[in-house]
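Participant: Turn these sequences into a full structure, and let the hints guide you.
From first to last, the protein sequence lines stand for chains A, B and C. The first sequence stops at residue 206 when you use our numbering, and every number in between is there. The second sequence stops at residue 206 when you use our numbering, and every number in between is there. The third sequence stops at residue 206 when you use our numbering, and every number in between is there.
Because the hints were derived from the structure by calculation, they are not lab data. One or more hints might be untrue.
Stated by the list, open to error - Facing chain C, a subset of chain A residues (Cβ under 10 Å, in silico):
1) 44
2) 63
3) 65
4) 66
5) 73
6) 143
7) 145
Said to hold, decoys possible - Here are the simulated lysine-lysine pairs, DSSO-like style, with alpha carbons at most 30 Å apart:
8) A/199 x A/87
9) C/199 x A/87
10) B/199 x C/87
11) A/199 x B/87
Stated by the list, open to error - Which chain A residues face chain C? A few, computed with CB under 7 Å, are given here:
12) 34
13) 35
14) 36
15) 37
16) 38
17) 61
18) 69
19) 72
Beta carbons: idealized from backbone N, C-alpha and C, even for Gly.
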Amino acid sequence: MDLQYPLELLGTFVFAISGALAVRDKEHDVFGAGFTGFVTAIGGGTLRDLLLDSHPLVWIGDIHFLYAILLGVLAAFVFPKILSRLRKTMFLFDTLGIAFFTVLGVEKSLSLGFRPEIAAIMGMFSAVMGGVIRDTLVNEIPILFRKEIYASACLAGAILYLVLNYFALQRDINLLISISVIISIRLIAVRYKLSLPRLD
Amino acid sequence: MDLQYPLELLGTFVFAISGALAVRDKEHDVFGAGFTGFVTAIGGGTLRDLLLDSHPLVWIGDIHFLYAILLGVLAAFVFPKILSRLRKTMFLFDTLGIAFFTVLGVEKSLSLGFRPEIAAIMGMFSAVMGGVIRDTLVNEIPILFRKEIYASACLAGAILYLVLNYFALQRDINLLISISVIISIRLIAVRYKLSLPRLD
Amino acid sequence: MDLQYPLELLGTFVFAISGALAVRDKEHDVFGAGFTGFVTAIGGGTLRDLLLDSHPLVWIGDIHFLYAILLGVLAAFVFPKILSRLRKTMFLFDTLGIAFFTVLGVEKSLSLGFRPEIAAIMGMFSAVMGGVIRDTLVNEIPILFRKEIYASACLAGAILYLVLNYFALQRDINLLISISVIISIRLIAVRYKLSLPRLD
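Facilitator: Rendered as structure tokens:
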């Protein structure tokens with residue numbers, strides 16, 4: 007799949023935009039917004055690679071990721087109003103992003119020789135922990151805890167990918183199915199405001 | 007000491023329960039509660055092992071820990087009311103847990119060849135940092151900063167273990183004494199609402 | 007530069023003081039204050055070294071750093087009023103500290119073979135992330151997001167160092183210039199309450 011690398015860069019770019027825009031209504035200056043974009047874009051993959059002891063970290067070993075982030079932050083600076091008006095487009099990008107990063111994280115963990123249970127967790131972490139770290143830094147309840155089905159969609163997609171992989175489904179088809187399922191769960195959850203039940 | 011491994015699993019199980027229950031009265035869905043249980047259970051040991059560069063992390067290298075956490079989270083889901091009513095029992099379990107994890111963290115650090123000063127810090131980190139990360143994520147003042155003598159009891163016990171170890175006390179007796187001292191300090195502090203003085 | 011090592015210890019000592027004093031007006035006991043001092047002093051360098059996979063961490067490999075922190079925390083305990091009255095002196099120390107740690111972080115990253123772009127980020131991280139972690143733990147908006155030009159001064163100084171280094175300026179002169187520029191930017195920003203513009 008030759009699309010993987012450009013898609014990964016694109017995902018990083020989009021996460022940087024959404025991270026920078028996330029602090030728009032707060033007391034953050036442009037530097038703080040850039041920093042937030044940076045953390046959002048690299049946080050999930052960085053945590054995954056630290057936990058798995060996989061070095062160098064993606065963005066440290068391949069400088070293109072840093073430039074993708076810089077471009078995303080710049081875009082957020084230059085076109086904040088346009089990008090904010092594109093809320094729906096950005097939401098779609100974010101949904102695409104978490105779906106893609108989940109599967110990517112699962113595949114990376116498997117290829118490093120880790121068990122499927124660990125790969126599932128790492129897939130979800132890759133997708134959502136950047137946002138969690140961002141929210142923690144800016145003193146908000148992390149997205150994980152407040153949104154309609156979000157991280158759990160990633161976990162479900164990760165497990166699905168692993169099950170289909172176990173049954174030796176062809177990788178491209180598996181990718182397509184797993185990513186589609188994550189996206190579908192998320193879109194349906196937001197459309198119908200579905201949440202998981204609370205502990206009572 | 008053949009009890010070490012099952013005790014470690016039991017401690018992980020109990021920490022997962024208390025982590026999942028910690029967000030019961032908040033706006034967290036079951037996934038958020040499970041995530042919180044997971045972070046509470048693995049946070050301390052994970053931070054210790056990242057700082058000491060000891061890989062694979064305990065829960066990544068041995069899948070039983072993940073299942074102990076899953077069981078703990080499930081227990082919190084299925085029996086939340088019973089477990090909440092067992093507040094005193096849970097408190098005792100938590101106290102046992104931090105005492106045990108402190109000494110375990112000290113021993114691991116020493117066995118990896120680190121200095122006693124570092125081992126003392128790592129023992130305390132093993133015990134309390136899971137709770138600190140959990141509290142930070144859910145936007146509360148970490149337990150470390152608000153509770154009656156908590157982390158300092160662990161640090162005291164860690165130092166005591168190291169002193170007795172320096173004087174070549176037999177390991178089993180040392181374990182028993184150090185763990186008992188941590189538990190005693192904590193119980194007495196809570197019973198009499200003892201806190202350390204504040205900076206003034 | 008034989009001054010580097012004692013200066014690094016001094017910087018660690020000063021960061022520990024400022025970290026411990028930072029929670030003075032809050033509900034923290036002396037242990038919490040000490041913990042905060044510790045985290046402030048080691049946070050930046052620790053994050054840098056974890057990201058770069060450089061082990062052992064500075065304070066784990068060289069026990070003198072731990073003692074510098076202990077001394078700093080003790081100073082904050084014994085002389086809190088004097089030190090608080092020395093607010094201006096402390097501010098100057100902090101400014102010296104971030105300037106020095108920035109350049110030190112850049113040099114360490116370069117010496118480990120990382121690209122200048124990564125070195126710039128790591129320089130800034132070394133200087134400011136200890137304070138960011140501290141603020142996150144005590145539930146405040148991190149200094150990075152609220153202060154007059156702070157982290158951006160470090161980033162600017164880091165980039166300046168890298169540019170002058172690229173043009174083969176002698177190291178001592180480069181150090182002097184880069185550190186002076188960071189200090190100057192920070193002092194001018196605070197004196198005239200300069201902030202970077204916000205995203206609008």
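Participant: Does residue 73 of chain A meet its interface restraint, that is, does its C-beta lie within less than 10 Å of any C-beta in chain C?
Facilitator: holds (8 Å)
Participant: Any CB of chain C closer than 7 Å to the CB of residue 72 of chain A?
Facilitator: Interface hint status for residue 72 of chain A: holds (6 Å vs cutoff 7 Å).
Participant: Given residue 145 of chain A as an interface hint, is its Cβ closer than 10 Å to any Cβ of chain C?
Facilitator: holds (6 Å)
Participant: Check the hint pairing residue 199 of chain A with residue 87 of chain B against an upper bound of 30 Å on the C-alpha distance.
Facilitator: holds (27 Å)
Participant: Identify whether the interface hint at residue 34 of chain A stands, where standing means a beta carbon of chain C within less than 7 Å of its own.
Facilitator: OK, holds: residue 34 of chain A within 7 Å of chain C, min 5 Å.
Participant: Next item in the hint list is residue 69 of chain A. Is there a CB on chain C closer than 7 Å to its CB?
Facilitator: Result: holds, 6 Å to nearest chain C Cβ.
Participant: Please verify whether residue 199 of chain B and residue 87 of chain C have alpha carbons no more than 30 Å apart.
Facilitator: holds (27 Å)
Participant: Hint validation: residue 38 of chain A versus chain C, beta carbon distance must be below 7 Å. Holds or violated?
Facilitator: This hint holds: residue 38 of chain A lies near chain C, its Cβ roughly 4 Å from the closest one there, short of 7 Å.
Participant: Within 30 Å, alpha carbon to alpha carbon, are residue 199 of chain A and residue 87 of chain A?
Facilitator: Distance of about 26 Å is within 30 Å: holds.
Participant: Holds or violated: residue 35 of chain A as interface residue toward chain C, Cβ cutoff 7 Å?
Facilitator: holds (4 Å)
Participant: Taken at face value, is the distance from the CA of residue 87 of chain A to the CA of residue 199 of chain C at most 30 Å?
Facilitator: holds (27 Å)
Participant: At a threshold of 10 Å, is the proposed contact between residue 44 of chain A and chain C supported by beta-carbon distances?
Facilitator: Holds, because the Cβ-Cβ distance from residue 44 of chain A to chain C comes to roughly 8 Å (cut-off 10 Å).
Violated hints: none; the structure is consistent with every hint.
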